[in-house]
Structure formats: structure tokens, C-alpha cells
Amino acid sequence: MYTFLAGILLLIIGYFTYGKIVEKIFGVREERVTPAYTSGDGVDYMPMSTPRNSLIQLLNIAGVGPIFGPIMGALYGPVAFIWIVVGCIFAGAVHDYLTGMISIRNRGAHLPELAGKFLGRFMKHIVNGFAVLLLLLVATVFVTAPADLLYNLMNGWVALGYIIGAIFVYYLLATLLPIDKIIGRVYPIFGALLVISAIGVAVGMIVRGAPIPELTLANFHPDNAPIFPLLFLTISCGAISGFHATQTPIISRTTKGEKQGRKIFYGMMIAEGIIAMIWAAAAMSLFDGPVGLNELLANGGTAAVVSEASTLMLGAIGGTLAVLGVIILPITSGDTAFRSARMIIADYIRFPQKKIINRLWIALPLFAISIALTQIDFNLLWRYFSWANQSTAVIALFVGSMYLFIAKKNYWIALIPGTFMLMATMTYILNAPIGFRLPMNISYIGATIITIALVITFFFAAVKARRNNIPLEEDITSWKKSA
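Counted from 1, the sequence shown has number 466 at position 466 by the working numbering; the numbering is strictly sequential.
Don't read these hints as lab results, they were simulated from the structure.
There could be a bad hint or two in this list.
What the hints assert, rightly or not - In silico DSS-like cross-links for lysine-lysine, where the CA-CA straight-line distance does not exceed 27 Å:
#	residue 1	residue 2
1	Lys-259	Lys-408
2	Lys-409	Lys-263
3	Lys-24	Lys-409
4	Lys-464	Lys-24
Source: prediction; values computed, not measured.
Based on the sequences and whatever the hints tell you, model everything.
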């Protein structure tokens, strides 16, 4: 278990070391008033405590991604551990922190608005459509996944359609009501279940001496699927996920002060990385290696792996609690996925959201589309989600790079992981069946050319933006005077 335990230790160390470096580079100004106060509306903008914000942020970002993704990524063997640790510390947590903090400096703006400001107006329209599409995919996946788990947990006692309907009703309420009415109240209960399930599985593996494989760079995938780019799209949540860029502005609108940012944004990504490590280790160690895991995935899917691992480690009662904890994760991301989509569209069309009827005008069409998407095969949805998710991460990292470049700060902390993920997403879409279906060697060449061209374009745009002195933050002097 040395690799597994060392990986978790490195994640914790990363928070206290690299997290502080990133915070120092960004430059926190504790005296600056946050959007929770300057734009307070009692619905989306309101100050909440750091523990509550942190817990909501963790549950927002940790859907089935840090469980299902690492389980499927475990087919590649211990190399998955490397990606989770390195990706989480140097890419995912940086991505979440910069997105959250830049949003705080800009009235709690969502990614499309930030992309429009720092990457050009054309990108605002592109990213707006892209983000809403991603959120609809996420929300739909996070309806069907927990519904299947609940259906299996109850042995079919309640029809699947009724379970899906009940989840949609909860999502609608969480999307429409002020953030402190449902999300702020039920998340502490959900969070307790999440922590109990993750810790329970981890302790169970340690006590039982589960044969978690040690570090090797070998590819253990039964079908010999290439590590690059597939591993880096398979394990997204837990390493780096663009979905987080759609969630952090929710909490940037409820954060009391900039000093809380590292705990909320960087720290909760590290917590998600630990969850991903636990489930990757469970998948690698409990099913007689990648071949056994692959057979279980083929016959019962990732939900079967979760149920089997939980029961093996914790017994019938503890296993049930663990599965409930896993069910909580997608539900607490699905609700805020719809909420984020509503907020993004409202910001885009400048449609005030204080009145509930205004929220309904946006929310109801979103739910109608999502209900239609539930009829599509889950595996197909997940493949499109994986590519859209990591492409969104690339955009968010380039927004962070542009912000730091204009501010004359160390932009490489965002540009290096952004360039790496750009190469991975381009290679995937050029090669994948859902993309252009080119041979892998041609895809590598094409992705390299595209990546180099876009990075050069970025530098030209960054130099121009710095020369034009694009404002990095919202001017709040008028609010100070009125206050």
C-alpha cells in the first residue's frame, strides 16, 4: 500500500505547499469586498461561512466523476495514481482556485463571461453554448447514475421511472429556491454520508490488507487502450475537470473574503483527489486485477463495482451506507449543474433572477431537454461528457493564464497544464469514434500542430491584452461610497 498511502500524503502536502505558492502568485487582497456583499440579492449572492462554502463546493464538484472515472481508469493500473496526484496538485486545484478567485474579482462571473472578457467576445458566445451543453450532459448523467444505484439498492422495489422523477423534482427545487433554503441546509447531512463512505472504504482496505498494486508505468489495460490521451479524459474529476469551472462561481458569490479561497477552491479539489485515490485503489485491488475488473464493468457497469467494493469492505449495513454516500455525490452535483446553467443563461441574456417566475422561464426548458437526454445510452453520454468536460478545463486554464499574463505574474502555473490538456483533448477528438476517427499516429501529429498554433495565438492575444490594459477586476468604488 506504499504507493496508495504516499499518494494521499502527497496530496495533503501539496495543499500546504503548492497551494500557498499559487495563492501568493495570485495575490489575495483580504480588504477587497466580495460579490456576496456588493451584489447581494438573497437568492444567489449572499455571504456564508467558510465551512459551509467548503462543504457545498466539495459536493458540487464531486459527482460520480471521482468514483466512476477512477474505477474505469484503474484498468490502466497504478499509473492512474500518478495522474490523480500530479493532475490534482498542479492542474485541477490550480484550475479551481484561479477560476474561483477571478470570478470573485469580477462580480461572481461565470466562465462564459470571463472567457469573453479575457479571451475575446467571440469566445464568450462559444463558451456560453459549450458550458450549457456540458451542464446539461452532467445533469442528465447525474440523474441516471444515482437512479440506477438506488434502483439496484432497493432490488427493483420502486420503478426506475419513479426514482428518476423524484430526483428531477428535487433538482427543480434546488435550482429555483435561494441557495440557503435547500443546498445550504441539506448539504451538511449529505457531506457526512460522503465522508463516512470514503473513509469507510479506505479503512476497510487498510484493515483487510487489500493487495493494492505498487507503482509502475506499465499499461495494464486488458484491451491495451493507450494511456495518452485516454487516461487523462477517463479520470477527470479527481485530477482536473472543466465541470468545476461551472461550479466555482456559485460559491464565489457566497464567499465572505478572498483569504477563504485556498481552503474552498484549492482545498476541496485536493479532497476530491483523495476520494479518487480511494476508489481507484479499491478497483485495482478487489477484483483479481484489471481482467476481473474489466469483466465486472462489462457485466454490471461502474455501479456494480461500487456496490461490490462497498459490501466487501464494510459488510451489508456499512456497504449500504457507502453506496448511499456514492449516490449523494452525483445528486449534489446534478442540482447545482442545473442551477449553474440557469445562472449562465440569465447572465448571458441579462435576465434578473430575483423573481421566481424569471427563474422558471429558464429552468423549465432546461429540464425538458434533460428529460429527453435520459433516453440516450449512458456510455455514449459519458464519452461526450468526458471530452466536453476536459475541453472546458482547457478554456478555464487559458482564462487563468491570460489573467496572470496581463497582471504580469507567473502565468506558467496555468498555461503548462492548459497546454497539456489541450494536446490530450485534441488527440482524443481526432482519434475517437465520436470524433474524426483518424489513426492514432495522425492524431498525435494533428493535435501537436493545433496545440502549437493555439498557444502561439494565445501569446499574440495576451501581449495585445496587456498593451490595451484590460481591467482585471470589477470596479467596486461606487459600492463602497454607497455603503
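How the hints compare with the structure:
1. Lys-259 x Lys-408: 21 Å, holds
2. Lys-409 x Lys-263: 22 Å, holds
3. Lys-24 x Lys-409: Since the Cα atoms of Lys-24 and Lys-409 sit roughly 10 Å apart, the hinted pair holds (cutoff 27 Å).
4. Lys-464 x Lys-24: Holds, at about 26 Å.
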